[in-house]
Structure formats: structure tokens, C-alpha cells
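Asks: Single-letter residue listing:
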Amino acid sequence: MTDTHTALRRSPLAHRSTIKAMEHAARLSEVPFLGKLILRGDPAKIAKTVTGVAGASLPTACRATRKGDTAILWTGPDEFWIVTPDNAHAALADKLGKALSGIHHQVTDVSSYYAAIDLAGPKARGMLMKLTTLDMDRSAFTEGEVAGSNFGAAQATLWQTASDEEKGGPVFRLFVRRSMADYLWCLLAEAGFEWGMPRQAPLSGETWRLER
Amino acid sequence: MTAQPNRRASGGLIDRSKVVRFRFDGRDFSGHPGDTLASALLANDEHMVARGFKYHRPRGIFGAGSEDPTALVQIGSDAARTDPNTRVTEQEIYDGLEALAQNVWPSLKFDVGAVNDLFSAFLPAGFYYKTFMGPLGNWMAFEPFIRKAAGLGKAPGAPDPDRYESINRHCDVLVAGGGPAGLMAALTAAKAGARVILAEETAALGGRLLSVDPDKVNLGDMAPTAWVESIAAELAGMDNVTVLTRTAAFGYYAQNFVGLWERVSDHLAPNDQPANLPRQRVWRVRAREVVLATGAVERPLVFHENDRPGIMLAGAARTFTHRYGVLPGKRVLVFANNDSAWEAAFDLQSSGARVAGIVDLRRDIDGGLLSTAAEHGISIHPGAAIVGTSGAQRVSGATVRRMSDSGGVEGPVTAIECDLLAVSGGWMPNIALFSQSRGKLVYDEDLSAFRPGQSWQKERSAGSAAATFDLDGCLKEGARAGADAASKAGIPAKAERPPKVEGAERPQGTPRVIPEIPSGRPRHKVRAWIDLQDDVTTKDLKLAVNEGYDSIEHAKRYTTSGMGTDQGKVANMNAFALVADALKKPIWQVGTTTYRQPWKPVTFAAMAGQHVGDHFHPRRVTPMHDWHKSNGAVFEPVGDWLRARAYQRPGESFEAAVRRESLAARESVAALDASTLGKIDIRGKDARTFLNRVYTNAWSKLAPGKARYGLMLGEDGMVMDDGVTACLADDHFHMTTTTGGAARVLTHLEDYIQTEWTDLEVYMTTVTEEWAVASLSGPDSWRVVAELCDGIDPDPEKFEFMSHTTATIDGVPVRVFRISFTGALAYEINIAADYGAWLWDKVMEAGQPYGIQPYGTEAMHLLRAEKGFVIVGQETDGTVTPADLRMDWIVSKAKGDFIGKRSLSRSDTVRTDRKQLVGLLTEDPTLMLEEGAHVIATATEPAEKPVPMLGHVTSSYDSPTIGRSIAMAMVESGGARMGERLWVSRKGGTPIPVKVTETDFLKMREDGDV
Amino acid sequence: MWRNPEPKPGYDAVVIGGGGHGLATAYYLAKEHGMTNIAVIEKGWIGGGNSGRNTTIIRSNYLFDESAAIYNHALQLWTTLGRELNYNIMMSHRGVLNLAHDEGEGRGLKRRVEANRLNGVDSEWLDAKQVKEFCPVINISQDIRYPVLGATLQRSGGTNRHDAVVWGYARACSAMGVDIIQQCEVTGIKTAKGAVTGVETTRGFIKTPKVACVTAGHTSVIASMLDIKLPIQSHPLQALVSEPIKPLVPCVIMSNAVHVYCSQSDKGELVIGAGIDAHTSYTQRGSMDIIEHQMASLCELLPPVARLRMMRQWGGIVDTCPDASPIISKTPVKGFYINGGWGTGGWKATPGSGHVFAWTVAKDDPHPIAAPFALDRFHSGALVAEHGAAAVAH
Amino acid sequence: MFLITCPYCGTRDQSEFSNAGEAHVARPANGEELTDEQWADFVFLRNNPKGLFAERWVHTAGCRRFFNMLRNTATDEILAVYEIGAKPPKVTTVEPATPSGEAPIGSGNDAVKVMRPEEPK
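Heads up: the protein sequence lines correspond to chains S, A, D and R, in order.
Residue numbers for the first sequence follow numbering that gives the first Met the number 0, so the first one is 0 and each next one is one higher.
Residue numbers for the second sequence follow numbering that gives the first Met the number 0, so the first one is 0 and each next one is one higher.
Residue numbers for the third sequence follow numbering that gives the first Met the number 0, so the first one is 0 and each next one is one higher.
Residue numbers for the fourth sequence follow numbering that gives the first Met the number 0, so the first one is 0 and each next one is one higher.
Here chain S stands alone, though its shape is the one from the complex:
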């Protein structure tokens, strides 16, 4: 695949554009077209190889590691997400597959499956608190932390990519099923309404036909 294909693609939230709360309190944006791989395998058996190929080391529970543009997120005891820049994941998947041959593992491309939403700014935590039971206090959820949880009715993986001290921080990235992305987007906007985030009209206007 080449970059020319970019024009053919539509990211899950292509119909939305970045929205902001007042005074840089929070910012909601889609990060389209990231490469995403789910890697299954026993960390004891794959760690070295994965680090060799991906650069980043395998993270410990509920954490992410990064090397350059590539990040590895712990999502389960034998499950990791590898997040890469656009188009970089396919080659990485091939390399991983080869390097891990003979070891029980699975590498699955989920780049299209999951939308990535970035939520940044001082009110980001306050917004997330309205959606999830995770402890979003800055003392409890810190940079590099990863958690799968419910955000309203959507399951998603939350990753803090930038610290609260950073300019524009903290930054959280949410990976959510593309079919749920719009729901989550609208719910996040609603959560930010308090701080001036514009409301997002959800999908509507569909004509139902319920009876035959």
C-alpha cells in the first residue's frame, strides 16, 4: 500500500473535526490511520524477540513503552498492542511473524478496527471521570499508564501519552471500536460541555423500519 491510498481511506471519525473547550481546558481530536497490531504470546518467550524487532521493550502490567514512533501497550498478561505510524505496521507484522516463528504467538492487524481519540488538556481528567470508574486522579493515573475499561457503554483502552506537566497536557489516547467511536466522541463532548466543549450531534435521522 502506498500513500496514494490515503485518499481512498476514511478513518472512523472522519466526519468529525477537532473540538476544544474554552481556554485550552480540553481538546478532542481523532488520530487517524495509526498502525495497530495485537500481539499475543507468552512474554517470557517473546520479550527479547519483540524488543529486537519493535525497538521498545515489552511493558509490564498496565503500562506502555515507547521507542521512537512505536509504542507497545500491555493489555493483558499475554496480550500487547503495538501502535505505529501510518503504514509502518504491516512491515513490522511481517518481521514479527518471521522472528517469532516457532514460538506460539499471534500477530493481528487491527489498524482499521479501532479508532484513536486524543483527549488533552487540564480538564481531560474531569471529562474522563464522567465516563469511567477508573481512578482518573493525577496521582492515580499517570503518564505511560494503560487500562482497558468501560467508557459509558463503550469498552475502550485508555493510555496516557503525555504527562500533566507537559504543555497542553495531560494527553490521553482512547482506542475504541470504530462502530462505537462516534458514540464515545459525542459522550466525551457532552462531558466537556461544562468547560465549553461544543456538543456533538450524534448519528441521527436514520429511518427505521421496525415492522414488516
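In case anyone wonders, no lab produced these hints; they're calculated from the structure.
Every clue listed holds true.
Straight-line C-alpha distance at most 30 Å; calculated DSS-like pairs for lysine-lysine:
no.: 1; chain 1: A; residue 1: Lys153; chain 2: D; residue 2: Lys266
no.: 2; chain 1: R; residue 1: Lys89; chain 2: A; residue 2: Lys457
no.: 3; chain 1: S; residue 1: Lys94; chain 2: S; residue 2: Lys44
no.: 4; chain 1: D; residue 1: Lys228; chain 2: D; residue 2: Lys206
no.: 5; chain 1: R; residue 1: Lys89; chain 2: A; residue 2: Lys487
no.: 6; chain 1: D; residue 1: Lys266; chain 2: A; residue 2: Lys108
no.: 7; chain 1: D; residue 1: Lys245; chain 2: A; residue 2: Lys129
no.: 8; chain 1: D; residue 1: Lys131; chain 2: A; residue 2: Lys628
no.: 9; chain 1: A; residue 1: Lys541; chain 2: D; residue 2: Lys266
no.: 10; chain 1: D; residue 1: Lys329; chain 2: D; residue 2: Lys30
no.: 11; chain 1: D; residue 1: Lys131; chain 2: A; residue 2: Lys986
no.: 12; chain 1: A; residue 1: Lys705; chain 2: A; residue 2: Lys866
no.: 13; chain 1: A; residue 1: Lys994; chain 2: A; residue 2: Lys944
no.: 14; chain 1: D; residue 1: Lys228; chain 2: A; residue 2: Lys900
no.: 15; chain 1: D; residue 1: Lys228; chain 2: D; residue 2: Lys192
no.: 16; chain 1: A; residue 1: Lys684; chain 2: R; residue 2: Lys86
no.: 17; chain 1: A; residue 1: Lys628; chain 2: S; residue 2: Lys19
no.: 18; chain 1: A; residue 1: Lys866; chain 2: D; residue 2: Lys109
no.: 19; chain 1: S; residue 1: Lys47; chain 2: S; residue 2: Lys94
no.: 20; chain 1: A; residue 1: Lys524; chain 2: A; residue 2: Lys129
no.: 21; chain 1: D; residue 1: Lys131; chain 2: A; residue 2: Lys153
no.: 22; chain 1: D; residue 1: Lys189; chain 2: D; residue 2: Lys228
no.: 23; chain 1: D; residue 1: Lys131; chain 2: A; residue 2: Lys147
no.: 24; chain 1: S; residue 1: Lys66; chain 2: S; residue 2: Lys47
The structure displayed is predicted, hence computed values, not measured ones.
Take the given structure of chain S and dock chains A, D and R to it, following the hints.
Replies: Okay, now just chains A, D and R, sitting in the frame of chain S:
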């Protein structure tokens, strides 16, 4: 407009510089910001605000906060924004507030319903149970009238336009209650560095400190309000502290999960409400440790005619006096059984009221109190009781008699005039949250009330909630509780030193509790209220006990005592005492009714939070959704998904659209968005073994590049899901599931891999939405695929049925499967979902020369039915085995065990007369059967019920391809009935004759059988 | 009302459990089978378990013949029960709506309506407009997430007053000589040669050849005293009431798709129930998120209720069977009978359940209506899978 | 709502988890040799004790792993979590004295709401 005759010259947490105008019961009043509706009405000398539930007797303001049982009004007359059953003691006033009396007709002051009071002797407890038992139907005839008479306020008539929110918070220490103990607890924990949430039910911190005479009491050389403000300021300055006012802790659930209800803007005029904030919030707090500083509730005295407006708890009278700057009466009579009420009397006297006397049930009164009373010139009546009151819509006086040694009253009757009767039966720790936490209560004999006994969760009580009633003790205990809580939460803390208290009042001492105060009247003439809202009198409770309802819960339910909107906050303890007395049992043995969530009523919408309307539940859509929507699609919900059901052209009926689409799928080419199907990537050396165990058929020999249909069972042998699984490599498979079953199937498979067959090397990852899928059906489908895809020859001669391959479209990789759910030549193209919309456009473009039509789920259902394919969930309902579907061919006899296998040989599952899937053809080909209709064996429906049913129609369509109606049905011994004539019943018509057939209607047509 | 006797040394039969079903069982044992030397023993106070906690929905529009038979049997008994007991059980035949929100649900409900019709159960299908006419407060807008497609209506269904039923039965039992013994907990069941000989209780041993276990929520723990393992799991089920308001909801409304059901009591409270918690528990407490979801669902369905307030909330213990149908059965132990596993919907069956169970106990032979609900159905596979009819409940 | 400590992700709200029924119920390897009764035991019969119960949960919204948990169903006290395949650890808890009785504290039953005078405070 009145001039607030009862407003004191100074004092109170009100802003006298501003005047607030409001309406109540059709009359205009004024008050000040900071007033509750109660304090403002009292400032205007209005005591009567409501009428009782049952007898419609006048009801006044009895308490000053959430404990008030009767002062309920309807707020607002806007159909969408009206709030029934609102307590005037909690509703703050704002300009333009409109309050209406409720459950009265025609008006509050003249209410026809009050006639019930005249018949009260005929409306005893349990009246309804014993009445209306005459001729049958009697009750049914009366019920609508009884229902109309019941109920208090009115529900809004239109949807609520306001917003609500729920928020999750974690903290080290949650402090419930912002009185002296709560403030010290919060301060101590906060200073130690703990994350603290302090929730105060009312509009201001301070608790009882706001109800004492500020000229008399000081803390650390500060007036009480000044001290509270200083602590509030200190707390506000710490970013580890969240202070929430107008926020009640309403529910204590498992593992220190506590619900808080915040009324964000109910105190503001609609135009002043911040547009960015919700009306109310629920805070879902998970606390490491909890401090319950919920204070105490004052107990009423139970005496004859204790229900008139103007009869008020003594503590409430003080709250109105100091917190709101309103003197609720000019001539006050105090009736008490404890010391705190004497302090109230002195206080009211110094505040400008004339205390007409103190009547105390106790004979021995502390000398200090006696001398202070003398100093104030207050006449006292120790060892005496109020035996009656007067006044129509406001108390105007009371009669007093001496208590006799035998527990009655004796001697002369003294009449005392008053316009306020302040009563106090002592203070009861507010144990509601503690009891909700499942802590055990202990009955305190000195207190004659319950207090916290043994904790179950990580909480402790402090202050008057823990029966510590002196101010100094409350402050110290609060600080200790805060330190203990923080330390147990892992943040070492030392109790803050409390301020030095000067001028503190005397606590209540030992109250003399008499369950029913004697009046010297004949029993049947005594009307002493226990529950002022539900109009429960002592007579009712005693009657209940006499009739055998001697468990406290029975007595409660029989009389409805404590079942009003206040849930008996002030009434319950008196009810327990009365029942215990009647049963001659100790109170601990009688026990309490259960303190249930919520502590006070919480708005439904606040519980729902933001998860309503647009945010109620996700609408899942595929990448091609926009195309469907703009091309006439009508949708149907399928699980969480919206799927295009048919694409209606302008002027075209739904039925015509389905015909057109289905014909295209048979005769030329049509495309279905099949992206919603569940998809699972399965990998590992044991993947085949695994598939063999989870599907009924054999998978050992499926070669890479091939695909196979599989049926999945539960261990009960019943069909659970189905789908096609493709072999990508020897150890790598791509499984598909039904749309609705995707999540369930993955969990089911993970369950076996993770907990049962842990020796198998298999990993599974969902790829449902990684792939967008266009399913092309029809004789021209291969041409469209050929046009679209590079690197593949889709010629059906070369690209075999049930095989798959990779290809590209304009360089974009795709997977192409030759599989069919329609019976026609069909291909499925899978592409990364980001390209889904583009793929669909490409398909439509490439198919145009062939007249391609998009087709929806309705045509899909029809097409598969024409071929006799089942839909799990339509043909099946959790009671259907593969054999019932007459799909024995898919159950491998040769391979080993699989999920559900053993269940297929149970005595009931091997019955041959089970319901089996068959086709049904109506004798009249134009007649379409109703899905869900039942199959019977007779041409006329027997009149006698039950009518034996042979089965039911699962699917029924008008098939343009077959040229007639077709149906499938589950029919008893169906497989053995081929060709048999049966009937399908219908309401209001003769049964429809049908012929039992095979289900593959396409084949039947080919064979000329149809 | 009812006598409060000391337990006798022995009885002809002992019913464990003084809820609606237990008292009904005793009532019919005495009335129809002449067994008046019997006792109902109750751990707490009668009606204090699920009888006092349920939302009192009465209906019989079940899918399968077996279920329709028992629930309709009950419905017929309900209709005249007040008069029979000379106690107003406040039976209110206000109608029960079961809403459909999509085609699949509609198909299932229509199948039920048809089955009901042929089974002689009153039931009809209403389209959305008719739903609105019957119950104006329901939102039938098509522009919501779960639009109302239609509903089944059972006009003879409705609600009644749970306490009155319990008290009415207790009174009638007592009058016939049945001993109702409260505050008496069973601690063991004695057997000899595979047959029951008596029950150990906190108030001493009571000799009896027949023990009828009617302890909804606790069926498994009583059975475990005889080492009988059951296909039953006990779950929390919550309900709540609003503050009383003037008449708003004229019937019973039930929706499986959004997990909520609602009616209005004679006092004016909205009585609202939800789905069960998925875990087992005997704590009589469920999760707050179930209540929150239920409130959201209710605000969707009946928008004017949003500003009303939840006044009281509680939880009960329901025992559920894999096929969402009850167990009314003899057991491997002679003289030990079980009536349980009613899941969330036992209340509506109370008189029918008691009636057929009394027969089963008295004759040591299942009543024909009870026979399909015997324990051995789990062995043979002949389940009565009513999940569709009772997914949420009732 | 419980607070459940996932052995892999740590302590999270119950809403992230799904209950998966009784733990340590092994699927018979020899189903074909079992009688209908024996097979039904495996498919349908479960322990349902009032008191200590070994059950399975799955961290649905988190790591998707199944694990075992010991919980007192009379009080909902969570006593231990442990991995699939591990043996249940020894724990102590306040259990009802009789099968149908109430735990002395933590139960929702009326019988234990109020302390008796002789109970230690």
C-alpha cells in the same frame, strides 16, 4: 405582598440586601437569597403549607431540613419543569419561584378532601384490606377513585429539558456531613494529604453550628459562622479536597461505594442557572475510608393533637431563628423531655420570642436550667404533659396537665396560648447510612434510640451521628475520626487540634421517652400522630399489633408508618417504641425497619445521568453507513447495530424494494453490507483440534484456501451460533459468527481455552470491525469481482465454492471468499475497514453495467429462506438441536468429543417427535403466513382450549423467485410429515391449509415440486 | 389475624417458608386435601422474603404450554382469591404491556400471542399507536434508540397487594388449624431409610413425614441439608419505588430490551424493577449501576418521569433455573418436596403454585400441571425454556 | 458494586467484569460414558452455597482473562482472587452458623441488624 413580619432584624445566612419574590398557593411573597421556601414562608408568618395524605388535615413546617415529613409542595407550573413532593425546607427560593399546594382541591385552605377527617374513625389501619370485599368487582369499581385520591403531587406532563450528570470519583476519605465533626474530620484528613471529599446536604457547611446563638457560642474566639468559614476557606485552598454542598450522601453500597446527590442549580431561577452545568449530579464515590458525620435527627413527641401547623421541632425553630433570621413564632410554648429543648427555649426568648412556658415530661429538672428559666421569666411545667392543642390551620394554644405516678395525667387543665409549639423528644443519631453499610445498630438505653454498634465496612461515625452531643466532643471526635480514616487509608495522620469552645450549650441529657403521652382522654378519642405524612396515629399502630401484625415490618406495612416520602426519618423511632411498648418487649428485640437507600429521594434523571437520549446506548454502524443512508436505506436495529433493511426508491414501497433487491440477487447481481458479522482470528498449532471441539463437524482436513460452514452448540446441545470459518494457513483460521453472537461466541471460546483446555496452543483475537465486507450475490457477481479485483480469476469454474484467496483492488489488499448465504453464486470481499466506504463505491461502480442493486437484511432473510438456510435466533430459540433443524449431516459421528455432543443423546433430545424444521407451502400461494403463527392438525380451530399446537412458523416471505409465498416452521415430527396437510391458525379467521415440505425451495422449484 | 402458636412435637406435614407460595401451599393442603395438622415454619416474619419485595406483576402470557398452564391456573385463582379469603388483595386487572423494540422481539412476542390465544390465555398484539392509546405516557417516537414497535397486552394481567395476599392466606390457614410459626429457622432435616422423618429447627425438633420446601432464594441451601444439589443459582434482584404521585401509569409496562418494568401502586408510587445481577448472592443487595441503567431506560420509555424521585430501593434473592422455569418436584428423598427456582417471576404464580404443589405433596404424585416442572427434566433435557418470556423477568 | 482485584490489572470496579459461574467445575472427558443424570450434573447442577463460594470472573473490559475468586455470598466479602488452575487459598470469613442462617454481620437480613445486649460491642 407582605413585609416578612417574622423576619428578625439581623442574623442568618441570608442576603438582606436583595429581595426575592415568589408565589405560593397563588399568593405573592418575598424573602431573601439564602432563604429556603420554608424560612421565607415562616418569615411571612405562613405555617400551613400542605395537607395530610389520608385525612387532608392541615400540615405545617415541622422540621428545618430533609427530615421534615409533611411540608411538601409542587414547584413550578411549567409542564416540563415541575417538581412534585418538594420539601419546602430544602427548596431554596429564587426570583419567580412558583410553589403550589398539592393534593388539595379546590385550595390549600379549603380542601374538600378534608371531609375524610370526619370519617377518620372509619378509616383505620388496614381499612382497605377489610373493605370492598362484597360482591365481586366491588374493589375494581372503587379502585380508580382510590387511586385518584392517593398520590401527592403531579408528574410533569412533558419530557424534562434539563441535563444531568454522573461522575465517578475515588478518594481516601469521604466525609458525609459538614457539621462540626465532619469539618474537623475533613480538615484532619486533608492536612495529612489524603484525597478528601466532604459532602454536605444543605446549602452551607456548619451543621448545627448554624442553629446556635452566635452571640453566645464561639469557637477559638470566633463566632460559629466565622469559624466555619475559616475552615471552609482552608479546605478550599487544598487541591486534594473536594467540598460539595447541596450534596447528600444518599446510598452506602458494597465496598465503600457511596452515592452522592448534588443539586447543582435547583436553588437558582431558570435564567440564572449556569447553562454549562447540569441541573443535578450523582457522584459515584469509591472511598477507601468513610467518616459518617451525618448528625442527629430530633424526635417528635407523640401526644394528642400533635399535628397542627405551628407545631415544630424545637431544633428546627432554632435553625429558622439563627440560620435564616426568622422567628417562627412570637409566643412559643416548648414541650420537651430533655435538656436541649430548654436551651432552645432560652434561645428563642433571647431572640425576641416570648416563651409562654416549658412543659417537660420529666419531674426532676437540672437546677441550672431551672434558674436560667427563672432568669428569663419563663413559666415551667415539670412532670407535665400537653394533653391537647387548639387552632384550625395554625396552633393557637395547648392544654397542660400534670403527669401522675401511674403514667397518666391528673389535676387541673391549664390552657396556654401560643402561636408556636416547639417540641423535642430528644435527639437520635442519624444512622441511615451506617445501617445501609450493613453495620450493626445498638440500642442505647440512655438515649432511648439506636446508635452505631459494630462496623462492617471501612467507616466510622463521629459527632452526634455517634451519639456525641456536646460541641467540644463532636469537634474532637471528628478530628479523631479524620485521623483514623486517613491513617487506615495509608496516609498517616494526627488529629487536628479542635478550637476552644466557649458558651457551649448543655447537651440533651437523658430524655424521658414515653411512647404515647397520656392525655386523660378515652382511648378511642385520642388522636396522636406518629407519621404526620401518611397520617398514622398511635391508634393505628396499636390496632395493627392487636390484630397480630406484631413484627415491626408487619406493623409498618399494615399502617404504612414510615412509608412516606420522608421514609419516617422523625417518625420511625416513635413507632418502634410504641410497638415495643404494646408488645411489652425491649426495643432491641422489636428491632427497626430497614434503612434503605436512598437517605432521601433522588431524582430519576440524576441517577440516569448523561446516559439518556442521544447517549443512551450506542448505535453501531458500518463504514458504509453513509452510503446506505443517502441511498434510501431504511434501517433496523440488530443487536447494537443499525443495519440497512432495504433501499427504497422514491415512491417505491418497502415490499417492492425487497422484491427488486432479491430478484437482482438471483438474476443479476446485488450487494449486501455484511460488515457486522462477527470475525475471530484464530491461531496456534492446536487450532484445528480446537475447532473440532467447538463445532459439531470435522475440521481436521480443511485445507488452506478453503472454508467451511460450522454449527456451534452449548453444552446443553442446543444451537448457539453458526458461521463460516476459513483456513488461512495450517495453524491459522478466520472464523465468522452471527452479528448478534459475536461477543458471546468469543467469550464462550476464550472460556474453554483459558479455563478448560489450557493445554491447547490457540490464541484468538477479534477482527470483527477490521474488515468491511461486501457480499455479492447473483449470476453476474463473478463478473463484478473480476472487474474489481486484481490477482484473482473469480470464474466460478476456477474459483471453487467454499474457497478463498487474497487479491487487490487498485493495489489495496482484499480477501475474497466464495461463499453463499443466498444459494446463488456469491462472493464476499473483505477489506480493511478504513477502505470500506471506498470499496462499496467501487462495487457499485463495477456492478453498474450489470444493474447491481444494494440489498438489505430483509432481502437477505428472504434469499436465505428460499434456499432453506436457517438464521440462529429466528429458526432457533435456544431449544433447538442440529437434528431438530434436520441438519444431522453437520454433526460428525467420526470425530471425538465436542461441546454439547453428549447432550444430543439424552432421552429427550433423541425423541423423534420433537419439533423439526420444515417448509410450509400454503395451498393458496398468494397467502402469506404470519411469523409466530401456530401449526395445528385440524381444519377448524377447536373451540376448547388449549388447542393442541404442533409448532410455529419461524420465517415467512413472499418470494418473487419462487413465485409464491414460502415459510419455514418448527413442527412436531416435521421430518416425517413431508407432504402432509396441516393448518396454520390465525386470529379471527379460519386456519390456513398448508403442505409440509422440505426447506430448500429453490431446489423444489428446480425439481418442479413447487 | 393468625395465631402465633408454639410448635407441636409433630405434624403431618411441614412447609418450610412463610412467603406467598408457602402459605398458599399450606392453605390448599388444608382446604383441598384435608391436611390441617400441618405447620408453616418461617425463619423471619411471614411475607418478609421475596413476597414482600416483589413488584407484584400478575400475568400468564407465557410461551410454552406448560408455563401457560400453570400461570393461567394462577391467574384464574387470583381473580377470585380476595373473595375466597375474605381479604382484599387489591387485585387490579389493569393490563400488562410487553414492549417490542425490534423485529426479532416482535416476532417472538407475536409467537407468544398466538400461543396464548390457542392456550386460552388472554393476549393481544398492539401496534405502536395502539400502545400509545392504551398507555399515553409511553414514548412511541421513532427517533429514540429503542423505539417501540408494538407490544403484547394481556388485559387480565395487572398487579395486586403483596402483603395482603400473604396476610390473607395466613389468616385463612390459621383459621383451618394450620400452625404458622415465625422466627423459627430450619437447621437440618432428618431422614431414615431415605425418607424424611422431621426437621431440626431453632425451636426444637419437629417430627413429620413430609417436608415441603418453599424458600425462594434459599432453595439450594435447604436442599443442601439433604445433600441434594440443584440446578439453581441465587441472584440479587432489585426494585424501587418513586414518591407517590397522581395517576400516571395506567397499566404494567415491561421491556426486556432495556431491562425495566414499571407500574403504579394504589398509593401512587411508581413501582419499578430491573434485571438481576449476574453474580450469585444472598446479601439482598445488588449493584447501583443496575438501578442507574434502569432509571435511564425508564426516562427513555416514559419521559415525564425523569423529574420524579426514587424514594426507596431494595434487593431480594431470587433463585433461577437454567431454563427460566420453576422446579415443582418430588426429590430423591422420600417425603421431601421442592417448590422453587421461580427466578424473577414467582409472585404471579403464587396461588397456582401453592395449589399444584399441595397436590404433589399430599398425594406424593405430581399434579398434572406441575409434572413438566419436575427435577428430572434436567436429566432428560425436556426443559421448559422460557428465557424469551422472562429475560428480564416476570 | 464490588471492587474486584484482577490478578493481572489490579483493583477495578465490578462493572468491568463479568461473572462466569462456579469455579473448579471440570468438564468430564468421558461424556459418552456418563448417564444422562451424570451429564446433567455437569451441565446444570451447581453449588449455590450461602457462605464461601469459589467462582470465576472474567475481566471483560480489561485484560479479558478469566480468574477465580473466593467470595462469601452471605456478605459479599471478597476473600481471595487466584489464577485459573490454582488451588483456592485458605481463608476465613464470617459464615452463617447454619446453611440457611445469617452471617452475624454483613448480611442484609433483618435478623442481624440490631445487636443483642450480650453481643460484644
